[in-house]
Amino acid sequence: MMSPQTRLARGRGKLRRKWRLPRIGRRDAERARALYRAQGARGAVSLGALFLLLFGMPGVFALWPELDHVRLWGVPVSWLMVGVVPFPVMAGLAWWQLRWAERTEERE
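Using this note's numbering, the first residue of the sequence shown is number -1, and each one after it goes up by one.
Simulated from the structure, these hints should not be mistaken for lab results. Think of the CB as a built atom: it goes at the ideal place given N, C-alpha and C, for glycine as much as any other residue. Heads up, some of the hints might be wrong.
The calculated label-pair distances, taken between Cβ atoms and stated as ranges, are [unchecked claim]: (1) P20 - A99: 13 to 23 angstroms; (2) I22 - V83: 42 to 52 angstroms; (3) Q37 - P2: 35 to 45 angstroms; (4) R18 - L70: 51 to 61 angstroms; (5) V83 - R21: 46 to 56 angstroms; (6) R69 - I22: 52 to 62 angstroms.
Make a model of the complete structure from these sequences and hints.
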């Protein structure tokens, strides 16, 4: 006995033809290239900001070692900077990148 999903999957496998890339017009291809470049540039900016956030924190700790002695709610500020701050900042950065990409697609 065979499940209906398995039977459908096996049946579809026999009917498949060679897949071809869809052909697009010249104007659409130019638009896609421009959109790809614009989103790649903004992606590079977002990636740079992410690296600055993650790899800049050791620099902050080296410049201000007294952050280990400052406490907020009984927890050293340096620990909060490592454990709490990056995640909302990364979520905000992702949201910013996504909104910009959507606006770029609408504009193009």
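Tested hints:
Under the hint 13 to 23 angstroms, the C-beta atoms of P20 and A99, about 22 angstroms apart, fit the expected range. At about 44 angstroms, the beta-carbon gap between I22 and V83 stays in the expected band of 42 to 52 angstroms. Between Q37 and P2 the beta carbons are some 41 angstroms apart, a value that agrees with the proposed interval 35 to 45 angstroms. Taking 51 to 61 angstroms as the suggested C-beta distance range, the pair R18 and L70 conforms, at roughly 60 angstroms.
The hinted window of 46 to 56 angstroms between V83 and R21 holds, with their beta carbons roughly 48 angstroms apart. Between R69 and I22 the beta carbon distance is about 59 angstroms. The supplied range of 52 to 62 angstroms therefore holds.
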